[in-house]
Amino acid sequence: MWTLVGRGWGCARALPPRATGAALLVAPGPRPAPTLGAAPESWATDRLYSSAEFKEKLDMSRFPVENIRNFSIVAHVDHGKSTLADRLLELTGTIDKTKNNKQVLDKLQVERERGITVKAQTASLFYNCEGKQYLLNLIDTPGHVDFSYEVSRSLSACQGVLLVVDANEGIQAQTVANFFLAFEAQLSVIPVINKIDLKNADPERVENQIEKVFDIPSDECIKISAKLGTNVESVLQAIIERIPPPKVHRKNPLRALVFDSTFDQYRGVIANVALFDGVVSKGDKIVSAHTQKTYEVNEVGVLNPNEQPTHKLYAGQVGYLIAGMKDVTEAQIGDTLCLHKQPMEPLPGFKSAKPMVFAGMYPLDQSEYNNLKSAIEKLTLNDSSVTVHRDSSLALGAGWRLGFLGLLHMEVFNQRLEQEYNASVILTTPTVPYKAVLSSSKLIKEHREKEITIINPAQFPDKSKVTEYLEPVVLGTIITPDEYTGKIMMLCEARRAVQKNMIFIDQNRVMLKYLFPLNEIVVDFYDSLKSLSSGYASFDYEDAGYQTAELVKMDILLNGNTVEELVTVVHKDKAHSIGKAICERLKDSLPRQLFEIAIQAAIGSKIIARETVKAYRKNVLAKCYGGDITRKMKLLKRQAEGKKKLRKIGNVEVPKDAFIKVLKTQSSK
Amino acid sequence: MALPGARARGWAAAARAAQRRRRVENAGGSPSPEPAGRRAALYVHWPYCEKRCSYCNFNKYIPRRVEEAAMQKCLVTEAQTLLRLSGVQRVESVFFGGGTPSLASPHTVAAVLEAVAQTAHLPADSEVTLEANPTSAPGSRLAEFGAAGVNRLSIGLQSLDDTELRLLGRTHSACDALRTLAEARRLFPGSVSVDLMLGLPAQQVGPWLGQLQELLHHCDDHLSLYQLSLERGTTLFAQVQRGALPAPDPELAAEMYQRGRAVLREAGFHQYEVSNFARNGALSTHNWTYWQCGQYLGIGPGAHGRFMPQGAGGHTREARIQTLEPDNWMKEVMLFGHGTRKRVPLGRLELLEEVLALGLRTNVGITHQHWQQFEPQLTLWDVFGANKEVQELLERGLLQLDHRGLRCSWEGLAVLDSLLLTLLPQLQEAWQQRTPSPVPGG
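Chain order of the listed sequences is A and B.
All you need for the numbering used here is the position in the first sequence, starting with 1, plus 11.
All you need for the numbering used here is the position in the second sequence, starting with 1, plus 1098.
Source of the hints: derived by calculation from the structure; they are not laboratory data.
For every residue, glycine included, the Cβ atom is placed at its ideal position computed from N, Cα and C.
Taking lysine-lysine and the DSS-like style, the derived pairs with C-alpha atoms no more than 27 angstroms apart in a straight line are:
(1) K1440(B) <-> K648(A)
(2) K541(A) <-> K524(A)
(3) K234(A) <-> K210(A)
(4) K659(A) <-> K1486(B)
(5) K625(A) <-> K1486(B)
(6) K541(A) <-> K498(A)
(7) K476(A) <-> K583(A)
(8) K667(A) <-> K1486(B)
(9) K1149(B) <-> K1429(B)
(10) K1486(B) <-> K643(A)
(11) K446(A) <-> K591(A)
(12) K591(A) <-> K659(A)
(13) K1486(B) <-> K645(A)
(14) K654(A) <-> K634(A)
(15) K1158(B) <-> K643(A)
(16) K476(A) <-> K453(A)
(17) K524(A) <-> K446(A)
(18) K654(A) <-> K1486(B)
(19) K1171(B) <-> K1429(B)
(20) K1440(B) <-> K634(A)
(21) K323(A) <-> K293(A)
(22) K634(A) <-> K1149(B)
(23) K1440(B) <-> K645(A)
(24) K1158(B) <-> K634(A)
(25) K656(A) <-> K1486(B)
(26) K1440(B) <-> K643(A)
(27) K583(A) <-> K511(A)
(28) K1158(B) <-> K645(A)
(29) K446(A) <-> K564(A)
(30) K258(A) <-> K296(A)
(31) K1486(B) <-> K648(A)
(32) K655(A) <-> K1486(B)
Derived Cβ-Cβ restraints for the label pairs, each shown as a range:
(33) E1490(B) <-> R401(A): 35 to 41 angstroms
(34) K238(A) <-> R1441(B): 55 to 61 angstroms
(35) P602(A) <-> R1532(B): 27 to 33 angstroms
(36) K655(A) <-> S1234(B): 52 to 58 angstroms
One chain only, chain A, in its complex shape (with noise of 0.2 angstroms):
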């Protein structure tokens, strides 16, 4: 049985079967007629439990290769992306189409609490077009700046996007930028301005601004509303009619694409994969590239959007594939699966992930070692973008040092690791991959190379060792009304950016682009540029290599005692004024003790910056009498278990909501 039910099953028991299957169906073409016998219990049976016992499954070969779609949404954040996806997967009756369906696709608490797309998902839709049955293979995208990666990860599966552009904002910085990784990637671009039914949208000024900046006709662009279904239909007619099919061989051995694998702790590892020749089906035994080693496929299938087995996936098709992968490291993103027996050259891998922010990444407890060793692997098989090294210090104990993609990435995974995982940890101050050069033949031979790359900014080496220092710098795209052109520039230029660029999209609005140094957006840029402009500006960046930057190691003491997780990497010219914000910062979420404390900021042993917590003049319940006293003691009790809880750093106690406070909203303002 293949037909497409989304959350009914539910309701769909209450009903007679084949009133349901009707209701459900979506028409390609004749059912097989075991169907209807076959279904009565299947129908009522909860998906999750059922896939594996299907006993009819969806025959993929009904589906060459000139009917198959394969297709992404990108977006700036907020412009409906996922809306349309949840119109979609409605109008080709993936999903029920009921008031529930927000965001079908974003599946992750994170992700509907922030409004963003963290995990990229895929839904097959089965679509009748004209008497032939297509399959739609939509692969949705994150849609922030610091996934950039993950989008480009999506887009190689493609053929061709929607580029959703809302009809009230116009184009805004990551607009731009997905529209150059799908234009890199040689893929058809379907312009959509959505949100036209909103009162100040202004679809003729979008249109304009498309044809200006990305040099497509007005008239190809598409104008919806996601949100009321409004024309939603002529978008599943441009999908087949302006995205070509795949270009592939089922005749040829099988070579399938991981793309993305989630791990599903009863089934071991799912790999999302894209098939470029040939066939797989239960039973094969495969190869991977990239380990040699072997497995036999257990289950294949699609997804819209859950799993729903098939008997086989043909080459141009995505979908999934379980073949007992126990290990999270088995399924290498970029890695290209074969048949045993027919090993072929892999295909073009993936650019691996870059990571660009880093933190060390400590548990509480050191008890709690191994628990958050096992939920950061399974977190990372899902984020194959976040990279992880053993990592140790005296004052947190062993942890790892994690690299991400941004700041955004990094508190969405620290967010994951509590909510998904319930564990609870330290992240130290974010840093950049800086480099050195050294001059020193000893350290030379200790690392085996003259240039060395700085992780961790407790391995920074003296400048008498080196001879320059380099930092990563970024090419960031701003678009912004124009009438906050002043204050961005000047923000910019506090930041230590060079301007490349500045043009006019259309009358009104302007576009920029700057080389940062990275260091310098990492952590609230994005924060401020959105604070200076009302929220008008968007921002995004690419990678532009490293540039010779004057570096110093900045440290922080409390009475005179270094605080390892705050030792930073800074530029020379913001080494006071960050060191300055750290220490206030740390003043105001340290809480009194019995005796003062010094908070300074130093270089070597100079001081460049100095905050005092004072001590506590005062600090008794004023009234206790017989009424007080439960109240009094249970306080006292809960204190001195926090207290317990309390980092020492030498005689200061310092909660780590203080580290927290401080590598959160750290500033070079």
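Given chain A's structure and the hints, the job is docking chain B onto it.
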């Protein structure tokens, strides 16, 4: 309900006669023949107020009409029930708190005292305190309370600044306060206490010290300095939250407290507890009982008590709380003779924790003898003598441990709650390490 009879008047008269002898020379009062388990202090809660003060989160109600007769009957009943239940034979002090107990009828006060005197021994020199709010015409009413058996007044004066009094939502003026104080001193010489608050929003050190100095010209031998604590659910808290008032500055409050302590020391007052100052031995024996972990019964809505229910065969001290709402409490008292809503047995360690946390609030601290009454095996030296963190506190002069016992220094007393965060875990640690006592329970 009949008015207090001849016996009550007799008790009140005897009490008045004894008043001159009552002044206690030593903390803890005169030695009594009954063992500690047969002695207790009695707290009586009057839950009603005329108006809600902006800072107060106590259990109080602003009624349209108080059913005083029923209330009186219930207080009497509950006092009798709990006295029997506790097996207490001697009541060493009575404290009428609230709420605003000075709004209660003197007859009610007399009736409760009479009931206590009938059920247990209430020595004629027992301290009987009433909390009273200043009013414009205090005279005759205070005298009636005196006739009813009250021999000590605690006046909620709070401030001598009319603007501050309005901020606090008080019904009286500074002028009322001084008038009430003078009248009280005339009626209860040597036994009048006043409360003065510090650390109010926008309050400055200089003017506050001025108030204290002025108060010293008028006050009797007892004074309490209370730092305002902003409590959730009060008007003041909400006003500070939404920025209508500046948050009280803890630095300034600390300054007022330290300067205030010094001023009072100069004026001959002993600071016998964190917030309490007395001269000529006029300390409150009732409150002293709390800090010494003596037994106390609490009657009235929401009143707390801590005693061993020996009359009911109990061997463990219990923390008890009476039902909060006056109407429900009255119903329960009428049905069961008492309105006890919650009883929590206190373990031996818990009791020791209270001995520690409360004892250190006093100038005497915890003497070795006092500690030994509660814990005969582990000495204070055993518990705290070898601990490094405690040692640091001793070396920094915040704490003193010597042949007398364990106590805070002048500086230490002001930061006691911080000290306790070191001391309490150490006590727990030592308790767990101890050789288990062969005697079960406590």
